[in-house]
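Trainee: So the protein sequences, as listed, match chains A and B. Here the first sequence is numbered in the working numbering, starting from 1 and rising by one per residue. Here the second sequence is numbered in the working numbering, starting from 1 and rising by one per residue.
Careful, some of the hints might be misleading.
A pair counts as met if it fits within one copy or between any two copies, since identical chains are not told apart.
[What the hints assert, rightly or not] Here are the simulated SDA-like cross-link-like pairs (lysine to any residue), alpha carbons at most 25 Å apart as the crow flies:
| hint | residue 1 | residue 2 |
| --- | --- | --- |
| 1 | LYS248 | GLY534 |
| 2 | LYS547 | THR293 |
| 3 | LYS359 | ILE221 |
| 4 | LYS359 | ARG424 |
| 5 | LYS374 | ARG129 |
| 6 | LYS547 | THR501 |
| 7 | LYS146 | HIS93 |
| 8 | LYS547 | PRO321 |
| 9 | LYS374 | ILE174 |
| 10 | LYS72 | GLN86 |
| 11 | LYS374 | GLU264 |
Just so you know, these hints were derived from the structure itself, not from any lab.
Here is what each chain is made of, one letter per residue.
2 protein chains.
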Amino acid sequence: MSEPEVGGLTIEDSQSSLASSTREKDPKEVEAKKAAKAAEKAAKEAAKAERAAQRGVKAAIMTQPEADDPLKDAYGDYPMVQSQGQTGRKWTHVEDLSPALVDQKVLVRGRIHTTRGKGKSAFLVIRQRTATVQAILFADDTTVSKGMVKYATQISKESIVDVEGVVKVPANPIEGCSQKDVELQVTGIRAVSRAAALPFELVDAARSEEEVKAAAERGEIMPTVGQDLRLDNRFLDLRTPANQAIFKLQSAVCQLFKSTLLAEGFQEIHTPKLIAGASEGGAAVFRLDYMGTPACLAQSPQLYKQMAICADCDRVFEVGPVFRAEQSYTHRHLCEFMGLDLEMAIHEHYFEVLDVIEKLFEAIFNGLATTYAKELAVVATQYPFDIPTFKPLRLTFPEGIAMLREGGYPDVDPLGDLNTELERALGRMVKEKYGTDFFILHRYPSAVRPFYTMPCSDDPTYSNSYDVFIRGEEIISGAQRVHDADLLTERAKACGVPVETIQSYIDSFKLGAPPHGGAGVGLERVVMLYCALGNIRKTSMFPRDPKRLTP
Amino acid sequence: MSEPEVGGLTIEDSQSSLASSTREKDPKEVEAKKAAKAAEKAAKEAAKAERAAQRGVKAAIMTQPEADDPLKDAYGDYPMVQSQGQTGRKWTHVEDLSPALVDQKVLVRGRIHTTRGKGKSAFLVIRQRTATVQAILFADDTTVSKGMVKYATQISKESIVDVEGVVKVPANPIEGCSQKDVELQVTGIRAVSRAAALPFELVDAARSEEEVKAAAERGEIMPTVGQDLRLDNRFLDLRTPANQAIFKLQSAVCQLFKSTLLAEGFQEIHTPKLIAGASEGGAAVFRLDYMGTPACLAQSPQLYKQMAICADCDRVFEVGPVFRAEQSYTHRHLCEFMGLDLEMAIHEHYFEVLDVIEKLFEAIFNGLATTYAKELAVVATQYPFDIPTFKPLRLTFPEGIAMLREGGYPDVDPLGDLNTELERALGRMVKEKYGTDFFILHRYPSAVRPFYTMPCSDDPTYSNSYDVFIRGEEIISGAQRVHDADLLTERAKACGVPVETIQSYIDSFKLGAPPHGGAGVGLERVVMLYCALGNIRKTSMFPRDPKRLTP
Numbered sequence: 001m002s003e004p005e006v007g008g009l010t011i012e013d014s015q016s017s018l019a020s021s022t023r024e025k026d027p028k029e030v031e032a033k034k035a036a037k038a039a040e041k042a043a044k045e046a047a048k049a050e051r052a053a054q055r056g057v058k059a060a061i062m063t064q065p066e067a068d069d070p071l072k073d074a075y076g077d078y079p080m081v082q083s084q085g086q087t088g089r090k091w092t093h094v095e096d097l098s099p100a101l102v103d104q105k106v107l108v109r110g111r112i113h114t115t116r117g118k119g120k121s122a123f124l125v126i127r128q129r130t131a132t133v134q135a136i137l138f139a140d141d142t143t144v145s146k147g148m149v150k151y152a153t154q155i156s157k158e159s160i161v162d163v164e165g166v167v168k169v170p171a172n173p174i175e176g177c178s179q180k181d182v183e184l185q186v187t188g189i190r191a192v193s194r195a196a197a198l199p200f201e202l203v204d205a206a207r208s209e210e211e212v213k214a215a216a217e218r219g220e221i222m223p224t225v226g227q228d229l230r231l232d233n234r235f236l237d238l239r240t241p242a243n244q245a246i247f248k249l250q251s252a253v254c255q256l257f258k259s260t261l262l263a264e265g266f267q268e269i270h271t272p273k274l275i276a277g278a279s280e281g282g283a284a285v286f287r288l289d290y291m292g293t294p295a296c297l298a299q300s301p302q303l304y305k306q307m308a309i310c311a312d313c314d315r316v317f318e319v320g321p322v323f324r325a326e327q328s329y330t331h332r333h334l335c336e337f338m339g340l341d342l343e344m345a346i347h348e349h350y351f352e353v354l355d356v357i358e359k360l361f362e363a364i365f366n367g368l369a370t371t372y373a374k375e376l377a378v379v380a381t382q383y384p385f386d387i388p389t390f391k392p393l394r395l396t397f398p399e400g401i402a403m404l405r406e407g408g409y410p411d412v413d414p415l416g417d418l419n420t421e422l423e424r425a426l427g428r429m430v431k432e433k434y435g436t437d438f439f440i441l442h443r444y445p446s447a448v449r450p451f452y453t454m455p456c457s458d459d460p461t462y463s464n465s466y467d468v469f470i471r472g473e474e475i476i477s478g479a480q481r482v483h484d485a486d487l488l489t490e491r492a493k494a495c496g497v498p499v500e501t502i503q504s505y506i507d508s509f510k511l512g513a514p515p516h517g518g519a520g521v522g523l524e525r526v527v528m529l530y531c532a533l534g535n536i537r538k539t540s541m542f543p544r545d546p547k548r549l550t551p
Numbered sequence: 001m002s003e004p005e006v007g008g009l010t011i012e013d014s015q016s017s018l019a020s021s022t023r024e025k026d027p028k029e030v031e032a033k034k035a036a037k038a039a040e041k042a043a044k045e046a047a048k049a050e051r052a053a054q055r056g057v058k059a060a061i062m063t064q065p066e067a068d069d070p071l072k073d074a075y076g077d078y079p080m081v082q083s084q085g086q087t088g089r090k091w092t093h094v095e096d097l098s099p100a101l102v103d104q105k106v107l108v109r110g111r112i113h114t115t116r117g118k119g120k121s122a123f124l125v126i127r128q129r130t131a132t133v134q135a136i137l138f139a140d141d142t143t144v145s146k147g148m149v150k151y152a153t154q155i156s157k158e159s160i161v162d163v164e165g166v167v168k169v170p171a172n173p174i175e176g177c178s179q180k181d182v183e184l185q186v187t188g189i190r191a192v193s194r195a196a197a198l199p200f201e202l203v204d205a206a207r208s209e210e211e212v213k214a215a216a217e218r219g220e221i222m223p224t225v226g227q228d229l230r231l232d233n234r235f236l237d238l239r240t241p242a243n244q245a246i247f248k249l250q251s252a253v254c255q256l257f258k259s260t261l262l263a264e265g266f267q268e269i270h271t272p273k274l275i276a277g278a279s280e281g282g283a284a285v286f287r288l289d290y291m292g293t294p295a296c297l298a299q300s301p302q303l304y305k306q307m308a309i310c311a312d313c314d315r316v317f318e319v320g321p322v323f324r325a326e327q328s329y330t331h332r333h334l335c336e337f338m339g340l341d342l343e344m345a346i347h348e349h350y351f352e353v354l355d356v357i358e359k360l361f362e363a364i365f366n367g368l369a370t371t372y373a374k375e376l377a378v379v380a381t382q383y384p385f386d387i388p389t390f391k392p393l394r395l396t397f398p399e400g401i402a403m404l405r406e407g408g409y410p411d412v413d414p415l416g417d418l419n420t421e422l423e424r425a426l427g428r429m430v431k432e433k434y435g436t437d438f439f440i441l442h443r444y445p446s447a448v449r450p451f452y453t454m455p456c457s458d459d460p461t462y463s464n465s466y467d468v469f470i471r472g473e474e475i476i477s478g479a480q481r482v483h484d485a486d487l488l489t490e491r492a493k494a495c496g497v498p499v500e501t502i503q504s505y506i507d508s509f510k511l512g513a514p515p516h517g518g519a520g521v522g523l524e525r526v527v528m529l530y531c532a533l534g535n536i537r538k539t540s541m542f543p544r545d546p547k548r549l550t551p
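Kindly generate the complete structure, drawing on both the sequences and the hints.
Mentor: And the structure:
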């Protein structure tokens, strides 16, 4: 498909911020603002220097070697990488450096994380994603000149550089780098892309609350970066090791979801997000004009995944955006999030769906804990958490109510929904009694579920429905659906849904409908709850909430 | 995440059709309409019978055995499947039946595809997805009663049934079933979900053009089903074997795309589809109100995947919906389609991206041809095509122009874009000369590419860009992007893009930007062109074009 012209107002506005006065107050915002102001000042100075340089005035910053430096071929800014040619050189990933490579010459491409110049020597930390390594220059006039040291120390933080050097094993482990047992003795350094002044320092953005507290106890103030400042500059914020790891984990959850379901005979489908809808219909829906027809954005693929089942697709999943125009400004709601949806024909019982859901989360929990242990450790460095435990556990809703009543909530409504407080309390009790952070609560009261939920055959007060919890927070909602047109009509009427508005939905079950059930998972919630991150904005790359539409 | 209430107008309208008068004329529509009318009549009659049955009048259709039938436990409609219990029974997939199971009793769940009753016997064809098997009943009063034969023959087509039977190997292969070497001797049959009257017959929807033509030559008229009637009843249309196979192939292309890129070190990302945008900006954009702020739907993840690269994600892909409010009503344009996007940092040259693209399509072509040979054969039964050939081939744009000039297009503009005719002509010439249905054309003239495309270092008239073709139709567009803020500003000005509207896009390259390139693929186009299906509506489950927003 042809690529769109990136022009007009689209990009501009997708980056511009909403007025900050409309934002929630963040406790760290105040400190962050100070940091931002300092950064702004620095940016202005840098811009001034840049303008001076452009006017032909000698720039403060050295970008090319002096002509008379005998080592001038070893450093200096590259020309812009423009596919001039292929040299056959190999770059080693910082992560892959190890004592096994001692005394070998390697080439790495990374960012200047920190710089420390001291007379004839310079100590750089080069960062590539979550990995950092120390790179040392010492002017000896053989492999490193004074000009080279000067050049290296003047490269701004976050600039991308190619560093050529010899792998050395230092006498003492290097603290503060992920590579503690190796360092690079630099023989060449070239800037690939220079960074202008930063709105905040990456080391500040990567700092843990614990570190800040410990410093405060010593009487030191360590700057942190507020959430809005981070999100306003998300492409910078995402460079912190914890964020690099979080989005690798997010990608991993997606792959574990897909691979487990594919192995269970599911097929991936894609259903439309643009659906017809009149302006007066439904709450929490984004509305738009579709070529003159009123339309809205899908709040879930519910109808379409059910149609796929009626179309004999048997077992389907979809990974796609879900849109909710809700004025919820909580730690766990977004206006656009990734839905991991599944729907499947069943032969007899919704337990067939629960079997799949348990396999799915066993695979996700085990897959993350084993294959992604490194990323989990990186996240925990900034945001400490315990790896959650997984044991398959199914409790009925009445069993859950009984636990709550015995556990200090004697007045809980046996046929009402559970609020956040009750869910968390139940999560704690389950953890204590059964030793698992994961469990399924099923047979919810019919009254608190959508009209298309299949009632229990033995007692229609309850329904063939379920929620799944991680750390006492709901992560999945699902049910066996009503696949019988007559019962669906009856249920709609009983729930006060005007039948005429859903007639074609009802009709789609009239040409032979397989009994079926399914569930919907929020991807951001899985990562948030697994890592106990406490705010869903941390697990959405570019979050959308009622107050944020940019970047 | 909690499931939305399916109510209000959302579902109703997502199924209701646009006024048919706004539709394009389809040559087959007329016949289809006749069929639809007949179906409507039948539906009315069935509904009448149903109502009569509900009033307690003896229904025309038998749903339960006579009380005095000694074999009454072997047939009759199930109660609605409502998770009453789990029996431990195993169902065999129709596809898995084989002579190895001869004389064994099996249970299958499928649809009544066709029925033929003849005195004391009945011949049913049971369909499960792309597989069909013959099921025979012969009233012998030992295992099959007359009542059972009557019951079986009266089950309407497309109803879902459980059939219990003994696997037999027939004397002669069974024509017209995918299972030719086995059949079922029915010992029990029960309807799971009955189908009302159909808007069209599935056998008509599954018929190939060749079959219709051959019949016409014999003087017979075989009904076919027009595209709009199909799409209006998509959940029925999708049950044809060809459609079942098409969407398994679509799922397969997705998995091959992902697995190849994951193996190449990519990570999956999800970027927002809701982006800020003022009402006056950009063409072909769907606009909406976002909590009081003007917003639009992303036309591509271009900006965001580039930000992910600036955020050090290194190699990213996204599979997500792309929205284009274009009034294009061609065989290859949709207003909502699935974009398979990739973006990656490069060290030196855009050939690093082309290496990935070639690996990707080699994996897709080989993966489909080997692992999905069965599905390809099923598609070809209704829509005959040759498996396309894959050889890696890169031609420069000037080389392509030279081929076209020599090949009968002497006046082609050496610095203009290629129109559909020229692309197809070049595709034919390449196929003839190099024997491949796949090739890459690179170094497009800068003038025909977006402003953010990196110009060639040796000649800025050309750019580091590429299109990828299958069967002479463009399937991918991509390029090395400009990662330098100054050059980006310059290019924007040269292309007449107001710099102030894209300032924050430009700014995102100022904090150290890796050289990078990428590409965007249309999922529906890959499947359409691979299978030579001729219309993109065949490869979109629920297509969206300027005239269709439902179902």
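Trainee: Under a CA distance limit of 25 Å, which applies to LYS547 and THR501: within one copy, between copies, both, or neither?
Mentor: Between copies only: 22 Å across chains, 32 Å inside a chain, cut-off 25 Å.
Trainee: Regarding LYS146 and HIS93, is the shortest C-alpha distance of 25 Å or less found within a copy, between copies, in both, or in neither?
Mentor: Neither. Shortest intra-copy (28 Å) and inter-copy (76 Å) distances fail the 25 Å Cα cut-off.
Trainee: Which holds for LYS374 with GLU264 at a C-alpha limit of 25 Å: within a copy, between copies, both or neither?
Mentor: between (28 Å within a copy, 19 Å between copies)
Trainee: As a check of your reading, is LYS359 near ARG424 (CA-CA no more than 25 Å) within one copy, between copies, both or neither?
Mentor: Within one copy, since 24 Å is at most 25 Å while 48 Å is not.
Trainee: If the cutoff is 25 Å on CA atoms, where do LYS248 and GLY534 land: within, between, both or neither? Let me know, please.
Mentor: within (18 Å within a copy, 38 Å between copies)
Trainee: What label fits LYS374 with ILE174 when the C-alpha limit is 25 Å: within, between, both, or neither?
Mentor: This pair counts as within: shortest intra-copy Cα distance 19 Å, inter-copy 58 Å.
Trainee: At 25 Å max between alpha carbons, let me know whether LYS359 reaches ILE221 within a copy, between copies, both or neither.
Mentor: neither (47 Å within a copy, 52 Å between copies)
Trainee: One pair to classify: LYS72 and GLN86, alpha carbons no more than 25 Å apart. Within, between, both, or neither?
Mentor: Result: close within a single copy only, 22 Å intra versus 79 Å inter.
Trainee: Is it within, between, both, or neither for LYS547 and PRO321, if the alpha carbons may be no more than 25 Å apart?
Mentor: both (19 Å within a copy, 24 Å between copies)
Trainee: Could you figure out if LYS374 and ARG129 sit no more than 25 Å apart (CA to CA) within one copy, between two copies, both or neither?
Mentor: within (13 Å within a copy, 43 Å between copies)
Trainee: Could you place LYS547 and THR293 in one of the four classes (within, between, both, neither) given a Cα distance threshold of 25 Å?
Mentor: Classified as between: cross-chain Cα gap 9 Å, same-chain 28 Å, threshold 25 Å.
In this structure, the earlier hints numbered 3 and 7 are contradicted, and the remaining ones agree with it.
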